[in-house]
Amino acid sequence: MKKIIATVIVLHGIIAANAQESNGYSEEVFQVSAAIIVVLAVMAFILAFLKSILEHRLKNKIVDKGVPESVVSSILQPSTGEEKHRNIKWFAILAGIGAGLLIVYYTRPLDIHSLAIMAFSISLSFLGYYLFVKHVDK
Amino acid sequence: MKTQHLTEEEIQQYVLDNSGGYNNAGDHIRLCEQCSEKAAAYRLLFNGIRQQNQPAFDFDLTELIMAQLPSAAPKAAKENLLIYFFIITAIAVTGLASYFFREYVAMLFKSIAPVLVYLFITGFITLSILLILDMYKNYKKKIHALDVYPG
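Those protein sequences? They're chains A and B, same order as listed.
Using this note's numbering, read the first sequence as starting at 45 and increasing by one per residue.
Using this note's numbering, read the second sequence as starting at 5 and increasing by one per residue.
Hints may be right or wrong, so weigh each one.
[Unchecked claim] With a cut-off of at most 25 Å between alpha-carbon atoms, the simulated DSS-like pairs for lysine-lysine come out as follows:
#, chain 1, residue 1, chain 2, residue 2
1, B, LYS146, A, LYS109
2, A, LYS105, A, LYS95
3, B, LYS114, A, LYS103
4, A, LYS128, A, LYS95
5, A, LYS178, A, LYS133
6, B, LYS145, A, LYS109
7, A, LYS128, B, LYS82
8, A, LYS103, B, LYS144
9, B, LYS145, A, LYS133
10, A, LYS95, B, LYS114
11, A, LYS178, A, LYS109
12, A, LYS103, B, LYS42
13, B, LYS82, A, LYS105
14, B, LYS82, A, LYS178
Since the hints were derived computationally from the structure, they do not count as laboratory data.
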């Protein structure tokens with residue numbers, strides 16, 4: 045989640061720098077970026093909250109079972125394969141968002157179909173990611 | 005039937021199994037006086053061991069250990085109090101910030117075309133749902149790994 049926030053802040057900086065007019069920032073670009081950051085912060089909070097709940101439950105289970113330390117570290121630490129998959133996952137997500145925005149741009153004016161396009165493109169990118177993981181795990 | 009005398013282990017096994025059946029050892033013991041005497045001696049010995057009192061401490065072990073254990077309850081209560089304090093502080097700060105900056109936040113979303121806001125929200129909701137599902141799947145995988153671990 046920290047990665048997403050950092051990426052968005054950097055992107056925001058780049059957009060703001062590009063959108064600079066002679067008398068300062070373009071108001072609209074600034075507002076759009078700020079709105080994205082606000083929504084993203086809420087999303088990050090919800091995800092972090094859920095993650096901590098799940099981790100708490102997992103740790104409780106580990107303590108209840110009395111699992112040895114070596115096994116605990118192997119369960120809690122993500123393997124190299126998972127790390128690789130994580131990169132692919134974020135590639136799929138960002139590619140999906142990019143493709144969705146591109147299609148939305150070419151099917152303007154913005155309307156309800158734009159929302160459907162975004163939802164479908166993100167879902168398809170996730171589907172692609174799962175199919176990839178399934179294929180690699182075989 | 006076995007014609008040679010039984011070994012000590014075979015006699016002990018026969019007595020421990022308490023086998024009155026007609027197996028090789030039983031047949032031999034019934035006919036061999038020497039082995040029969042040994043079996044009777046072992047039977048007597050094992051009965052004596054069984055009748056011994058179970059060894060026990062002459063003091064209350066549970067009470068002694070419990071008295072030496074550090075009491076965990078006050079510490080946990082203190083930690084819980086601290087957690088509640090942080091939660092309440094966080095809620096209060098967020099609430100105050102939302103109250104004082106409500107006009108700015110509202111303006112932020114009002115100044116953008118509504119359909120664009122919906123587009124962001126749709127994208128973020130879809131992404132959140134899929135990320136939560138992925139997180140839950142990983143959690144279930146770890147729980148399953150713990151369940152199958154012989155603990």
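Taking the hints in turn, this is what the structure says about them:
1. Distance hint between LYS146(B) and LYS109(A) is fulfilled; the C-alpha atoms sit about 13 Å from each other, no more than 25 Å.
2. Annotation: proposed proximity of LYS105(A) to LYS95(A) holds, straight-line Cα distance about 15 Å (limit 25 Å).
3. Taking the CA atoms of LYS114(B) and LYS103(A), the gap is near 44 Å; set against the 25 Å cutoff, the hint is violated.
4. Simply put, LYS128(A) and LYS95(A) have alpha-carbon atoms about 20 Å apart, close enough for the 25 Å limit, and the pair holds.
5. With a C-alpha separation of about 13 Å, the suggested pairing of LYS178(A) with LYS133(A) holds against the 25 Å cut-off.
6. As the CA atoms of LYS145(B) and LYS109(A) are separated by approximately 16 Å, the hinted pair is consistent with the 25 Å bound.
7. The hinted pair formed by LYS128(A) and LYS82(B) fails the criterion: a straight-line CA distance of about 42 Å is larger than 25 Å.
8. Using a Cα cut-off of 25 Å, the hinted pair LYS103(A) and LYS144(B) holds, with the two alpha carbons roughly 13 Å apart.
9. About 18 Å separates the Cα atoms of LYS145(B) and LYS133(A), which keeps this hinted pair within 25 Å; it holds.
10. Between LYS95(A) and LYS114(B) the alpha-carbon distance is near 32 Å, which puts this suggested pair outside the 25 Å criterion.
11. A threshold of 25 Å between alpha carbons decides the hint, and for LYS178(A) with LYS109(A) the separation of about 30 Å lies outside it, so the pair is violated.
12. With a C-alpha separation of about 58 Å, the suggested pairing of LYS103(A) with LYS42(B) is violated against the 25 Å cut-off.
13. With a CA separation close to 24 Å, the supplied pair LYS82(B) and LYS105(A) stays within the 25 Å bound.
14. At most 25 Å may separate the alpha-carbon atoms for a hinted pair to count; LYS82(B) and LYS178(A) exceed this at roughly 47 Å.
The structure fails hints 3, 7, 10, 11, 12 and 14 (numbered hints given earlier, in ascending order).
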